[in-house]
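Q: For the record, the sequence lines run as chains A and B.
Take the first sequence: its letter number 64 is residue 64 in my numbering, and every next letter is one higher.
Take the second sequence: its letter number 195 is residue 1195 in my numbering, and every next letter is one higher.
By construction, these hints were calculated from the structure, which means they are not laboratory data.
Just so you know, these numbers come straight off a predicted model, no measurement behind them.
The C-beta atom is built at its ideal place from N, Cα and C for all residues, glycine as well.
What you were told as hints is all true, and nothing was included just to trick you.
A few chain A residues that face chain B, going by a derived Cβ cut-off under 7 Å, partial list only:
| no. | residue |
| --- | --- |
| 1 | Val74 |
| 2 | Ile77 |
| 3 | His165 |
| 4 | Ala177 |
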Amino acid sequence: MNLILIFISAAIINNFVLAYFLGICPFVGVSKQISSAVSMGLAVTFVMTIAAAVTWLIYHLILVPFNVQILEYVAFILVIASLVQLVEMFIRKVSKPLYDTLGIYLPLITTNCAILGLALFAELRDYDFMESLAFGVGAGAGFTLALVIMAGIREELELARVPRHFQGAAITMIVAASLALAFMGFAGLLSI
Amino acid sequence: MAKQSVSLSREFGKGLWAENPVLVSLLGLCPTLAVTNSAINGLAMGLATTFVVVSSGIIISSFRKLIPHQVRIAGYIVIIATFVTLADRYLAAFYPDISKALGPYVPLIVVNCIILGRQEAFASKHHPGRAALDALGMGVGFIAVLFVLGSIRELLGSGSILSFQVLGDWWTPWMVMILPPGAFLTLGLLIGLSNWINEKRATA
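Only chain A is shown next, with the shape it has when bound in the complex:
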């Protein structure tokens, strides 16, 4: 039950993009079309789930026993960077179609702050292994949800007459503001 709560909380109530502002760069950059938004969302969810598990193991099996939590940031970012590389090679070997779908989005994930944010939040909230995993899947689902909704709106926005100076990034931010406002309505859904 606790796991489901963590999942729903990470996916909807405390949405990574709209409440924590993590992963804004791909949110602005890759939300022009629904199809690429779905690919990006899948890639991020995939890496997030693995990263949640691996960083938990690194933190609790290596950093804590040796009492070197101060190296946490260096360790996490290195693990995430090599993990993304590894996942990329693995997918290319195992499933060519999936690799072609994810394409250039995989390497971009290294600099996606949502992944490092996930590891830091999981550690901050003292999640156990299964909870971290649920948190990772939920955060990924929330990221995908926000990205796909945004892409849907932006596809329609192509047809709208936006004031000249607000075209591009500015109007995207303002649309995101109304999305964030809508997601705030979920705040009372659960109390954790």
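Assemble the complex: chain A is given as a structure, and chain B must be docked to it using the hints.
A: For chain B alone, kept in the frame of chain A given last:
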């Protein structure tokens, strides 16, 4: 020599407006949006980021001939993460309140694209002095945006700036401005405004 000094001041100045990391390049949006619910938080985040971008810029440009090309990104990230750890420990030791308010967004400076972007685009190709100036310009540009954004949101959201009550009792705080939607809205309007100013200046 005169030519040299002109271009040095340009190196510093471009980050302030023409190539402003937030308003023009749209880099580092996560901290920009997340910590600007008050002016002081924005200022602290801007200073911490500037410290990291300047010091890692100096180190990386000094070692630019030693770092092998293939592993440069990993190398940069380790150097950046080291300085971020320093900044994080410093804030936690001397400004515990701010450190608590910023929370995990201080360690997240590691993945701030402004920093890696400047190392890749500039510090890895130039002398340390020039790299430091470039980084300083970008940092100051970043601080300026964060401070303006934080001030606007704090003023409308709680009627104060830097915790000094500016607006009187008649002001009903717009709570939404210090919540996430206010961040997106204010940044969107600021980007639109900067586009407008740029066009005015180009035609003037």
